[in-house]
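A.B. asks: As given, the protein sequences belong to chains C and B, one line each in that order. Numbering-wise, our numbering puts 105 at position 105 of the first sequence, and it's gapless, one number per residue. Numbering-wise, our numbering puts 414 at position 226 of the second sequence, and it's gapless, one number per residue.
It is worth saying that the hints were derived from the structure and are not from the lab. Even for Gly, the Cβ is constructed at its ideal location relative to N, Cα and C. No false leads were slipped in.
Here are the computed lysine-lysine pairs in the BS3-like style, where the Cα-Cα straight-line distance is at most 25 Å:
1. Lys49/C - Lys223/B
2. Lys223/B - Lys29/C
3. Lys223/B - Lys251/B
4. Lys104/C - Lys164/C
5. Lys522/B - Lys17/C
Here are the in silico distance ranges between beta carbons for each label pair:
6. His47/C - Ala261/B: 41 to 47 Å
7. Ile277/B - Tyr22/C: 37 to 43 Å
8. Glu236/B - Tyr56/C: 24 to 30 Å
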Amino acid sequence: MASTTTTKRVNLYEWFKTITFYEILVGMKATLSHLLNYRPVTLQYPHEKRTLPDNYRGMLALLRYDDGTEKCVGCDLCEAACPSRVIRVVSAEVPGEPTKRYSKEYYMDMTRCLFCGMCVDACPVDALGMTREFEWAVYDKRQLHLNKEQLLAIGDRSFPVREKRLELQHPNVAFFNVAFKHVPPKPD
Amino acid sequence: MTEFGLRLAISLTQIAAVMGIVVITVLILTLAERKVLGWMQDRMGPMEVGPYGILQPFADAIKLFFKEDIIPAGANKFLFTMAPILCLIPAFIGFAVIPWGPNQTFEVGGVTVRPFVISDINIGILYILAFASLGAYGIILGGWASNSKYSLLGGLRSAAQIISYELNVGLSIVGVLIMAGSLSLVKITDAQEGWFWDWFLFKMPAPQIFAFVVYVISSVAETNRVPFDLPEAESELVAGFFTEYSGLRFAFFFLAEYANMVLVSCVAAAMFLGGWNAPYPGTFMGLIGLPSLAWVENTMWFAVKTYSLLFLFFWLRATLPRLRYDQLMRFGWKVMLPIALGNIVVTSLAVFFYNR
Numbered sequence: 001m002a003s004t005t006t007t008k009r010v011n012l013y014e015w016f017k018t019i020t021f022y023e024i025l026v027g028m029k030a031t032l033s034h035l036l037n038y039r040p041v042t043l044q045y046p047h048e049k050r051t052l053p054d055n056y057r058g059m060l061a062l063l064r065y066d067d068g069t070e071k072c073v074g075c076d077l078c079e080a081a082c083p084s085r086v087i088r089v090v091s092a093e094v095p096g097e098p099t100k101r102y103s104k105e106y107y108m109d110m111t112r113c114l115f116c117g118m119c120v121d122a123c124p125v126d127a128l129g130m131t132r133e134f135e136w137a138v139y140d141k142r143q144l145h146l147n148k149e150q151l152l153a154i155g156d157r158s159f160p161v162r163e164k165r166l167e168l169q170h171p172n173v174a175f176f177n178v179a180f181k182h183v184p185p186k187p188d
Numbered sequence: 189m190t191e192f193g194l195r196l197a198i199s200l201t202q203i204a205a206v207m208g209i210v211v212i213t214v215l216i217l218t219l220a221e222r223k224v225l226g227w228m229q230d231r232m233g234p235m236e237v238g239p240y241g242i243l244q245p246f247a248d249a250i251k252l253f254f255k256e257d258i259i260p261a262g263a264n265k266f267l268f269t270m271a272p273i274l275c276l277i278p279a280f281i282g283f284a285v286i287p288w289g290p291n292q293t294f295e296v297g298g299v300t301v302r303p304f305v306i307s308d309i310n311i312g313i314l315y316i317l318a319f320a321s322l323g324a325y326g327i328i329l330g331g332w333a334s335n336s337k338y339s340l341l342g343g344l345r346s347a348a349q350i351i352s353y354e355l356n357v358g359l360s361i362v363g364v365l366i367m368a369g370s371l372s373l374v375k376i377t378d379a380q381e382g383w384f385w386d387w388f389l390f391k392m393p394a395p396q397i398f399a400f401v402v403y404v405i406s407s408v409a410e411t412n413r414v415p416f417d418l419p420e421a422e423s424e425l426v427a428g429f430f431t432e433y434s435g436l437r438f439a440f441f442f443l444a445e446y447a448n449m450v451l452v453s454c455v456a457a458a459m460f461l462g463g464w465n466a467p468y469p470g471t472f473m474g475l476i477g478l479p480s481l482a483w484v485e486n487t488m489w490f491a492v493k494t495y496s497l498l499f500l501f502f503w504l505r506a507t508l509p510r511l512r513y514d515q516l517m518r519f520g521w522k523v524m525l526p527i528a529l530g531n532i533v534v535t536s537l538a539v540f541f542y543n544r
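Next comes chain B alone, as it looks inside the complex:
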């Protein structure tokens, strides 16, 4: 019982830490997106709250907390309440299997603790994909339960889009899985140790460059970001599936969208860009005789990779206009899907002949 209690306490601590990091990242992202977008468009972004507007996320959070929570007439109250939660939980739950730092363990009272991953389950990436698809329910139900045509259209578009691009995400990472021989993100990251050309993006015998491009494009589409933001196209459908939401429920959708962005960036970093591995073998901390602090460097590399991918999201948003709906579907099914399938075939053959 005490061992169970200890395990529970450790897990809850880890969960709280990861949740805290993710929420702080989301806070930073909401500001960073507006700032980067502003700078790219010769604007300043938020400047009023705090010096250079750095306290803007807190102002937004306080505003959303105290806003009136409106349930529209004719809405299905149960589903209307459930939808944001259904959207938020899958976005956060995927972080359980992301390895943030080196795969090391230490003992606390007879319990083995992995400090940088909440749980290393052997179907890690499958678990993330499964829950990411579940997030679509939140969006669809939110769109349907609002009793508004804009919400419904946004939800429908979102359903079609997420299903189409979820497929490409799933197929594009199969190449990585073939090369790593495991579904566990910890093992996948461990398999990319060494120089940066040992990352699966560049690794011989089958560099996953095409898979990476497909993954990035599809994950942009999956998180409903520009240029694939048709579910929340503000010029067509007021705000898409969360048109009728306000206050904390809207904040939940908002949080879920940004948490999803962080999640797909983490997965991309872990699967294609070597996760917490530095682009050189070992760590500088190990070289200068501080191997116990190597995890700092490794987690920093993970953060750098994740944030670079998140910057790419903002960059795309600043650059590209929205796709038309038929273009979106054609691009997903006729371009991305064949590339992902071809990548699987090429990778399988390459790995097969390389290993003989």
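For reference, chain C alone in the conformation it holds in the complex:
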């Protein structure tokens, strides 16, 4: 016990440290100091939650403009960008407006989503957003197959502040997917 690795000679100091349990006492002092300076690092999770960062990648949601119209133009780019094939978009023309498209159906299978955020990056009109919701544990996996209404509802409750319509945001913005007869006058 007392002999060191390099020398066979019994080091008196080491021997004394061994018989007084010096090393163990040092460890016990450390634990006792934590007991006396009790500063817990845990959060009582369901009662108190940590502040999430602004760029937190949580539940996905579909967004609306401030007039309540959907942002999504049905371009399928999110579907193409998604590495886990979460998203399925059925695109269609807006009835009566042949130049304008929208997503007739929009499905997300959140059981597969890995929250990479590539669909949000891919979206040309910022129609997708990542909320700070993360408590999506369900008893039935099928509840995680979300349709368009559900995704819009998530967006409505998580993003109360909505953007203006694209063509109204800035006089020089390049606009598309707008029926020409409905182009509003540019603001001054």
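Place chain B on chain C using the hints.
C.D. replies: This is chain B only, laid out in the frame that chain C set:
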């Protein structure tokens, strides 16, 4: 017949009181251990049941009561049922000879009652040691009867460990017995009256400091606590000898482990730390003119000593990692045993020459 009936009634009352105290202590310990361990590791421990989690033991007890009692396929049903009981009884039976308070008597209907010890038998400590060794049977049989390799390994380890360290416990207290000249815990405690340097831990001519260290380490090992928790090493053997147990049977093992902790702490307090004696002569209650309430102070001192030792158990658990099996055995046989034997020799010589 009436005297016998009275004696029986008094004894049963005492037994019920002691059992109640021990069970309440165990309830407190289960919470205190998790709390202290949590605080030492910058956690909070149980916080949900009741304010600051103080009702957690009751929640645990209710859960264990209503859990399904599973007997694994291929288990020896008789031994599987007997093992927890065999484990629990020796853990509780030792409390019969522990003196909780001053050695005083009073008369009830012609019967002499010792209120603070159930029975002052003249081989008290021997009786505790004998039953503590018997507790190993419960563990071994529980491990064997479960028909599971983890349980069996846990039981085997436990057998080897308890036998090795039981020896050191027995030898480390021989010094105290030599100095007290008695095996009765009441007489041993009475012999430590006075200042705290009259406790056998510090008492001249032969302070039992080494014996105390050996006793504490060996009793930690004997109760299968960290850092000697090889029989129930959760990272190696799922839970050791009670892997297959559930419900009330598991609760019995759990209760037995904690009752054993309380028992060894009580014995250490009574043998080395002066038992119910205060660290100063007499009592404050006696000084302020309430000698009839001196027993409150004395029992409080006993509780303080016992709980300090129990805190030491938690403290060690929070600090130390588990020993390897060969380290455990080498430590027991090559370090603890020679120290205990040397202590006996030194104490005998010191007492012999001191008394001449």
